[in-house]
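Visitor: Now for the letters of each chain:
Protein chains: 2
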Amino acid sequence: MEPLSKAGQKWVRSLHLKKNRDQEALFLAEGEKSVMEGISVFASYLEMVIALDSFALKIPDQFHSRTFTVSPKELEQISELKTPNKCIAVFRRSKAVLLENGLTIALDGIQDPGNMGTILRLADWFGIKQIVCSKDTVDCYNSKVIQSSMGAIYRIPVHYTDLITYLSHTTLQKFGAMLNGTSYKKVNYPEDAILVMGNEGKGVRPEIEALFDVSVTIPRFGQAESLNVATATAILLAEIVS
Amino acid sequence: MEPLSKAGQKWVRSLHLKKNRDQEALFLAEGEKSVMEGISVFASYLEMVIALDSFALKIPDQFHSRTFTVSPKELEQISELKTPNKCIAVFRRSKAVLLENGLTIALDGIQDPGNMGTILRLADWFGIKQIVCSKDTVDCYNSKVIQSSMGAIYRIPVHYTDLITYLSHTTLQKFGAMLNGTSYKKVNYPEDAILVMGNEGKGVRPEIEALFDVSVTIPRFGQAESLNVATATAILLAEIVS
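Residue numbers (numbering that gives the first Met the number 0), protein chains in the order written: chain L, 0 to 241; chain U, 0 to 241.
Just chain L, with the same shape it has in the complex (with noise of 0.2 Å):
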């Protein structure tokens, strides 16, 4: 394990930038608990660990020559974190190919960095084989999203692409959440399909509705306005799986 170098903090935090992450296909996980998940599970896609010199010993020996000590001043600077922290780690990105059968999650335009870790997290609790997201969707690879996610990012693939094209050529079932759709419990869900949720503020785009099979809906009983779009996905995750 050797102290890493000036240049090296300049190249973790240049991956703070979605630009640069993508450009390398890498993403950094910060603290403890993601990191460690991430060796344990993800080991075969991890790039570099770097560490507090308290903590580089708790990293397993294997991933030594790959492990690069810090101060924690260093650390904070390179972290995308404001609490302080012990380690980060970069992996390469997986790159799974799209799946034609399964449930898959299609999101068109999340915004919020947290709902889209817990629909992640929902996906990885739910056994879900894919999450797609339109290109104007937040960055999967965010620290925000991979904090939230609790480890999902390393099992769950999440595709980037022109959503319209991926649905209108899909043999897929695809089932919108809407306002005023169908009540999602007197639906049929066959095993292969596709759940699309839409935009926090604006719901999915009318072009995106156009491609629908049926229109789902969550009845309300109470006086709020709407719900959540992650508190809905998992109503209606819920219900399609069991």
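The hints are simulated quantities; they were obtained by calculation from the structure and are not laboratory data. Just so it is clear, the structure is predicted and the values come from calculations on it, not from any experiment. Any given hint could be a false lead.
Copies of the same chain are indistinguishable here, so a pair counts whether it falls within one copy or spans any two.
Said to hold, decoys possible - Here are the simulated lysine-lysine pairs, BS3-like style, with alpha carbons at most 27 Å apart:
no., residue 1, residue 2
1, K201, K81
2, K201, K32
3, K57, K201
4, K94, K72
With the hints as your guide, set chain U onto chain L.
Guide: Only chain U this time, still in chain L's reference frame:
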């Protein structure tokens, strides 16, 4: 409409502290959407509106005698939010009595303001009558809770009490969310019941679990370690209410 005095500004700032809010039985709502909804649905509890000069004229006439103006700099100083906003309202808290019918949500030590706000919003969507919290549950009058509740704070009564005493004395059936209970879809829920949700990391305390009539579980189909408490609440409410 008069400018808010220095003493008035100091008083509003004092309400950032839970102790002071509790003592005066007041709470603050910030931001245009939250303030305007409060004025509209919770008008009889309105104590005072504080607004930028540029915004004050949007406040309906009948509230002008209770509207005070501030400069952008003053608003920044009395606001709890980091991002600038246009207005703050001070409301008295409603004094609801504990109900013994309908569906009640009981929270045992929820800590995250975002989760609390999301659960309030869910309660408002599903027509839940009240939320009963253990004394160590996050304050529902916390500014982050009020923001994420999307107006639900005006409609859903929240009680803080000794949860063990409350659950011991009620005759309602108690359903508790656990990791190893009966599948939640295989349970019959009466109309009058209590759904108990536990702390984000530790779940419900053993003394509370001992009071459950039925422990319910959301089956896992994938590999995530756990579900977020607000998404779990969403899934359970959707099943119980419909």
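Visitor: Tell me, please, which holds for K201 and K32 at an alpha-carbon limit of 27 Å: within, between, both or neither?
Guide: between (35 Å within a copy, 16 Å between copies)
Visitor: Pop the pair K57 and K201 into one bin, within, between, both or neither, using alpha-carbon distances up to 27 Å.
Guide: So K57 and K201 pass the 27 Å test across copies only (25 Å; inside, 46 Å).
Visitor: Taking 27 Å as the upper bound on the Cα-Cα distance, should K94 and K72 be classified as within, between, both, or neither?
Guide: neither (34 Å within a copy, 50 Å between copies)
Visitor: Classify it for me, K201 with K81: is the Cα-Cα distance of at most 27 Å met within a copy, between copies, both or neither?
Guide: Classified as between: cross-chain Cα gap 25 Å, same-chain 31 Å, threshold 27 Å.
Hint 4 alone, counting from the list given before, is not met by this structure.
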